[in-house]
Amino acid sequence: MRNSFIILGCLAAGILGGALSVLPQAFLDLDLTGYALCVLLFLVGIGIGCNGRVWQVLRNQSVRILLVPLSAVLGTLVGVGVFSVFVPGLGLRESLAVGSGLGYYSLASVLIAEVGGKTLGVVALLSNIMREFATLLAAPLLARHFGKLAPIASGGATSMDTTLPIITQCVGMEYAMISVVNGVVLTLLAPVLIVAILR
Amino acid sequence: MSILFFLVAGMCLGYLLRSKSAVLAVAEKGMIWSVYLLVFFLGISVGVNQAVVRALGSLGLQALVLSLGGIVGSALLSWVVSRTFFESPRHEK
Numbered sequence: 000m001r002n003s004f005i006i007l008g009c010l011a012a013g014i015l016g017g018a019l020s021v022l023p024q025a026f027l028d029l030d031l032t033g034y035a036l037c038v039l040l041f042l043v044g045i046g047i048g049c050n051g052r053v054w055q056v057l058r059n060q061s062v063r064i065l066l067v068p069l070s071a072v073l074g075t076l077v078g079v080g081v082f083s084v085f086v087p088g089l090g091l092r093e094s095l096a097v098g099s100g101l102g103y104y105s106l107a108s109v110l111i112a113e114v115g116g117k118t119l120g121v122v123a124l125l126s127n128i129m130r131e132f133a134t135l136l137a138a139p140l141l142a143r144h145f146g147k148l149a150p151i152a153s154g155g156a157t158s159m160d161t162t163l164p165i166i167t168q169c170v171g172m173e174y175a176m177i178s179v180v181n182g183v184v185l186t187l188l189a190p191v192l193i194v195a196i197l198r
Numbered sequence: 000m001s002i003l004f005f006l007v008a009g010m011c012l013g014y015l016l017r018s019k020s021a022v023l024a025v026a027e028k029g030m031i032w033s034v035y036l037l038v039f040f041l042g043i044s045v046g047v048n049q050a051v052v053r054a055l056g057s058l059g060l061q062a063l064v065l066s067l068g069g070i071v072g073s074a075l076l077s078w079v080v081s082r083t084f085f086e087s088p089r090h091e092k
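First to last, the protein sequences are chains A and B.
The first sequence lines up with residues 0 to 198 when you count with numbering that gives the first Met the number 0.
The second sequence lines up with residues 0 to 92 when you count with numbering that gives the first Met the number 0.
These aren't lab readings, by the way, just hints derived from the structure by calculation.
Please read all numbers here as calculations on a predicted model, not as lab measurements.
Don't be surprised by glycine CBs; every beta carbon is placed ideally from N, CA and C.
Warning: the hint list may mix true and false statements.
Quick partial rundown of chain A residues pointing at chain B, CB under 10 angstroms, derived from the structure [stated by the list, open to error]:
#	residue
1	71
2	126
3	161
4	163
5	165
6	172
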């Protein structure tokens, strides 16, 4: 939660700085973001590789548990696809790419900004942060009306960390493992889906 | 696709170095700060474009509609999965 506010602050500071043109144009023309993004993806990879939980989760899970991340991804893409009808400014492909962030807003926004354009990157950042906020707020409601897997699916990639506490509080500790598996699988899938859709 | 090469390369290196806990700590610090920096620069590139700045409100609205779509869609499908595979009588003790 705290981190998402800091990231929104970085975006706001950047927009303000850009509008007031605090940085010389020559510096902006360098466009270092492409290189920085490669560094970021490399570091994310190291984080995933080092994380014993990831390999453990992928090794000893029954097939049934994988239905949860599967339903989260398919549900997200279908839902975003349907709702994109109400978003006149965006095509289906752009909308699906934003949805493919699956709540992983930090990586999704900068990756989409690079591959699909800066404006779409901003939409991806806002949309995926909103998804985390909405899940934090609506988890009890989702659990009551759509069953115990709903807050997990809604949390997307964040169900392994930021939304995990509220999820276990709403649906019980016995769902914690499912929640972590869901988050791990979606964290792995998000960058691949984004690049595949926007390629 | 080539950008994902860095992700996979990082995963392999991370896997090889997984016994060294310092590596994960450094990678996480680097991750957080590179995200701050990249989002800041994303903001700059948006801020210099007045047309985009004026459109921020509608971009926020687009984002809201899409995030609702994602939440509703995933909640509905997970509800089906939950009813069919997790809470059906076969699995009750």
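Those earlier numbered hints the structure runs against, lowest number first: 3, 4, 5, 6
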